[in-house]
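**Student:** As a plain string of letters, each chain reads:
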Amino acid sequence: MAECDLMRESMPFLLTESLDSESRERTHRHIEGCAECSQEWLDLKGTWQFLAELPEVEVPSRVRDRFLAEVLPPANVVSITSRRWVRYVAQAAAVVFLVGGSYWAGGRTAPIRLGSSPAIVESVRPIQPALAPFSIAENRVLQASSVSPNIEGRPNIENVQFVNGSPNDDQIGVSFDITSHVTVNGKPTDKSMVRLLSYVLENEDRMSPSRSRAIDWVRAAYSDPAKADPEIAKALANVLRNDEHQGVRIKAVDTLKSLPPSLTADTRQALIEALKSDPNPAVRLKAVEALARLASSGEPLDAAALDTLRQKAGQDDEVLYVRVKAAEALSHVRP
Amino acid sequence: MRLRNRTLLTAAVLLIATNAFAKDAGTKDFSYTESYSKEYALDISGSFWIDNTLGNIEVVGVDAPGMMVTFRKTTTGIDKAALQEGRDQTQVYTEGDSRLRSVRTVLPMLRNPRWISAIDYTIRVPRTVHVKIVSHSSDHIHVANISGNVTVKNVNGTIRLDDVSGATIVESINGNVIVEYAGRPVANALLSSINGQIQVYMSPEASVEWLANTIKGDYLTNLPVRGLFNGSVFRGNLNSSGGPTISTTSLMNGSFLLRRGTKPADAHSVIQIMTSDRTAPPRPVPLISRTIQQPIIEGNWTFSTNVGNVQVGQVRGDARVDTGAGEVELDTVTGSCTVTSLGGPLNLGEISGWLIARTRAGDVLVRGARSGGIISTGGGIVQLFYTAGPTNIHSDGGDIIVRQAAGPVSADTHSGDITITVDASARTQKIEAKAYQGNVIFNAGPRFAADVDATVLTSDPDSDSIHSDFHGLTIRKDQANGKTRIRATGKINGGGERVELYSEDGDIHISSRTQVPISVTSPQ
Amino acid sequence: MPSSYHTETREMKHLSDQELMKLVQAGDFTPASEIYDRYSARIYNFAFRFLKNSEAAEDATQEVFVKMLKHANQFHGDAKLSTWLFSITANWCRDYLRKADNKTKETEEVLISLPASSEERPDRRLETRENELRIQKALQVLTPEQREAILLSRYQGLSYAEIAQIAGCSEGAVKTRVFRAMETLKKALSVETRGGGRWLSAI
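Chains as they are written, first to last, in our numbering: chain A, 1 to 335; chain B, 1 to 524; chain C, 1 to 203.
Fair warning: there could be bad hints in the mix.
[Said to hold, decoys possible] Heads up, simulated SDA-like pairs for lysine to any residue below, C-alpha to C-alpha not over 20 Å straight-line: (1) C:Lys-186 with A:Gln-49; (2) A:Lys-187 with A:Tyr-199; (3) C:Lys-80 with C:Glu-19; (4) C:Lys-186 with A:Leu-51; (5) C:Lys-187 with A:Asp-43; (6) C:Lys-22 with B:Val-134; (7) C:Lys-80 with B:Gly-368; (8) C:Lys-13 with B:Thr-421; (9) C:Lys-22 with B:Gly-368.
Because the hints were derived from the structure by calculation, they are not lab data.
Keep in mind that this is a model prediction, so the values were computed, not measured.
Extracted from the complex, chain A is given alone in its bound form (with noise of 0.2 Å):
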C-alpha cells in the first residue's frame, strides 16, 4: 500500500513526462502490476487529455494595438491614427522597389544586371478597368480587390518579387512582369491575392530557385492561423508532389508542417504521398512530423494513412526518427 502511494505522488510528474527513465520505468511497471493504480492513472491520464478540449482563444488585436501604441514612438505605429498614410506609402515603396531594379541589386551602386527576356503578353484583368489609371506605364500598382481573382489563360509572369507587409497595415505585395511590370498589393487573405501566389508558386516557368523564394516568403506572410488558407497550402502540396528539387520540396513540406493543422484531404494525401516515396529522407522526416502533429491534435487519419505509417514504422532501412514518428503518429489513432 505504501508503495501505491508514493507511485501516485509521482504520477503527477509522469503526466509532464518529467521523471527520468529510471523512475518513470518503476511507476509505470508499478501500474502496469497493479489493478487500482492502474485504474488511477488511467483516469488521471483520461482526464489530463480531456483537458485538451479548452481551446485556445484569440487576442483581440486591439490588445496588441493598445499596448505598441503606449510603448513605440508614433511613426511606427501610424496605422493606428491614419490607415491611408499607411497605404500611400506601401504603394510609394514598391514603385520605388520596382524602379531600382531588383530587391538585391535594390541600391544606386549600379548593378549589375544582366537582362531578361521580352515578356508574353497574357492578362491578369482589372475587374473594372476603368479604375486603372496608367496607359503605357511601365510600373502598376494594383490593389488584390481590384484584380478578378480568376487568372486566366496560363500568363506568363516573370521576374516575381515580392514586397513585405506592414505589421501594421497588414499589406502585402507581388510584382512581376507580365506587359509590364505589374505589382498586386492586398492583405495575404485577399482571395486575388491568395490565387495570385498559388499560381506563383505552382506555375512560375522552370523557376526552382524562385519558387524557392517563393515559399520563404508564403510562409512568412501565411504562418499565422488567422491567415491560413487551403488554396495556399494546396499549392505547397503540388510543389512537394511535382518539383524536382529536393531543396524546394524539404522547404514546400517544412512550411506545410508549419502552417496550422487547417490542411485539407489533398494536403495530407501529398503528405502521405511525400512519406512514402519521397527520395529524400529530410523529406520523408518532415512529412511524417507533420502527420504526427496532425494525428496529435485528434485528426482522423484514413485507411491508406494508416498503411502508409504502419509501413513505414515496421521499414528496417528507414531512417530510425521515421520509423519512430509513423509509430508516434500511430499512436495517436481513434476509431
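Guided by the hints, dock chains B and C onto chain A, whose structure is given.
**Tutor:** Leaving out everything else, chains B and C in the frame of chain A:
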C-alpha cells in the same frame, strides 16, 4: 467467391431488443441494443472469416461441426432520428458456404457523426477450422481452443489467443497481443504490434526459437532462454533447438516470453541478463533506449542511446552525444561538442569549443559556434546564427543559412539556397558557397574587401544571373556542356581573401547590407 | 522607408528572447512587438482561463508587456523570458482576485473561442464547445493556486520547477497542487476511461 447463401441478418425477425433511454443523467443520448443469433453449417476443415469495425469479438472452438453466430448491436444517437438511422445503416452480412463462412459488419462509407454503433460478436466454430479476424477498434478480440491457423488484425484494443495450436499471425498497431499456449507450441507464430506489448505464455518444458525485434522497447523473460543479439534483433532458444519459431515484434514496447501462471512484472530484460552474466564471455548487446532531460551537467559528458530525445541546458565541459533516433537539444556547452544522430533534428545553443554536429536526416540549428566546426545533414535545413571559427557546413538537400560569420565559412548543399552574411565588422573573410540546385546570397558590409569569383551555371540565362552591389566585378558569359556559364570575377574594395560562390540553376546575389537601418521616416 | 522597417522586424524574428531583451535593456523598444507576438497568446490565454474574464485578461496582457519593458533590467539573461513573463502575469492575476470589487465580475462567463475552420462539422463544434464549458467550469472549482498550477503545466507546458519559481513555493508544493487539482478535475469531469476511450460519452 460464389455467394450461395447471403442473408441480411438484421432483416430477420428474431430480435431481442432492449431500449435504454437516457443512459446518463448528463447526456440525452438515445441508445438501442439488439441481439441475434443463428446457426450455420460449417465443415470441420472449413474456414471462418470475420470483418468488424467496432466492438468485441470472441471466437471459441468446440468439438462439434457447425457454427453459431451471436451478436449484440448497440447503437447510440443524439436523437431518435439519428438512432434510427444508425440502426438502419449498421448491418451484418453473412456470406459463403460450409467450406468458408464469412461475417461482415457493413457501415456506410461516411458515417453520420450523430450516431455511433458497435457490434459485439460471439462465434462458436469447430475447433479445427481456420480463423481470420479483421477489425479496426475492437477493445477485445479473444480466440480460444482452435487448432487451425489463426490470423488477426486490429488497430486498437487487446488481442488474446488461448490454446491456439495452429500457425498464428497477429498484427496490431496500438493494442497488446497476449498468447497463451496450453501445451507445447507446435506451429510458428508471427506476433507484432507497433505501440502495444507482446506477451507469450508457455510451459517451461516447451522448446521454441524466440526471435524478437524492437526499435525502442525491450525483450523480457522469466524462462531459461539463451541467445544472441544481431543488431537489435534477439534470437534465442528455450530448451533444445528445433522447435517452432515464435517471432515477436513490438516496435515501441516490450516483448515478453513468460512461464505460464506468471506476470510480466516477474520477467527480466534479456539485455540485463546477458550483461550481468559474468561467467559468459562478453557478447554484443544493443543500446538501451533512454531519454535525458536535465538542466546542468558538470564536467565532461558522454551519452548514447538507440532511440530517445536529449534535452540538456548546460554542459560544463565537453559533450558527446550519439543517438539512433531522436531530437537533440543542448543549450550551452562550455567545451567541445560532438553530436551524431542517425536521424532527428539537432538544436544546439552556444558551443564554446569545437563543434561537430552530424545527422543523417533532420534540421540543424546552432546559435553560436564560438570556435567553428563541422555541421552536416543528410537532408534538412541548416541554420547557424553565429560562428567565430573556421566552419564547414554540408547538406545533402536543404537550405543553409549563416547569419553572422566572423570566421571563414565553407558551405555546400546538393539542393537548396545558401545565405551567408559575414560579420558587419569583418574587413575580409574567406568564404566558399556552392549550391548545386539553388540560389546563393552573400551579404557583407559596404567596406568588405575580397577577391570574388562567382559562377552561375544555368540552362536559362535569361532568368538566372549574378547581381552585385559592389563595384569592380567583370562578367563573362560562355557555353559549357550545353549550359550557359556566367562568371563574375574581380577585386572588391581593393581585394582580400577569396570569396568563391557557385550556383547551378539559380541566382547569385552579392549584397552590401549586413543589417538594415531601423529608421522609419514620417510623412511630414 | 517602410520596407526597410519590415526587413528589420523580420530580422527580429531570428533573435533569441535573450537577444531581444538585451536590446530592450539598452533602451531600444523596437523588439516590443516581436516579444508581444511571441508571448501575447500564452499570456492572454493564461489570464483569461485563470480569471474567466476577457476584459481583465486584456488588461493583464497589456500591463504585463508594459511592465516587461519598464522593468526590463530585472530580467536576467540566464532566465527564461516565458517564466519571467508568467511571474508578472500570475502576480497581476492574484492582485486582481484579491481586490474585493472584482469578486462579482469573477463569475462572468465570456468565451471567445477561435472560429472553427470551415472543414469542421457543426456537431463536432458543438461538442467541443460543450467540453470547453465543462472544463472552464471545472477549473473554477479549483483553488487559485491549483488553477494556476494546472494552467501553467497543462496548457503552457511549464515544468514544475518553473511553476514553483512563479508561484513562490517549493516544487513539491506545485506537485501536490497539480495532484489535488487533477483529483478534483477528475471527479468534476468524470472522464470515462474504462472501455478504452471517451468517444461514447462524448457523443
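**Student:** Decide, hint by hint, whether the structure agrees.
**Tutor:** So, going through the hints one by one against the coordinates:
Restraint check for Lys-186 (chain C) and Gln-49 (chain A): the C-alpha separation of about 11 Å stays at or below 20 Å, so the hint holds. Proximity of Lys-187 (chain A) to Tyr-199 (chain A) is assessed by CA-CA distance (about 16 Å); at most 20 Å being required, the pair is judged to hold. The hinted pair formed by Lys-80 (chain C) and Glu-19 (chain C) meets the criterion: a straight-line CA distance of about 12 Å does not exceed 20 Å. With a CA separation close to 10 Å, the supplied pair Lys-186 (chain C) and Leu-51 (chain A) stays within the 20 Å bound.
Pair hint Lys-187 (chain C) plus Asp-43 (chain A) holds up; C-alpha atoms about 10 Å apart against a cutoff of 20 Å. At most 20 Å may separate the alpha-carbon atoms for a hinted pair to count; Lys-22 (chain C) and Val-134 (chain B) exceed this at roughly 61 Å. Distance restraint check for Lys-80 (chain C) and Gly-368 (chain B): the Cα-Cα separation of roughly 18 Å lies within the 20 Å cut-off, and the hinted pair is therefore satisfied. With a C-alpha separation of about 16 Å, the suggested pair Lys-13 (chain C) and Thr-421 (chain B) falls inside the 20 Å cut-off, and the hint holds.
Only pairs whose Cα atoms come within 20 Å are accepted, and Lys-22 (chain C) paired with Gly-368 (chain B) is accepted, the gap being roughly 17 Å.
Hint 6 alone, counting from the list given before, is not met by this structure.
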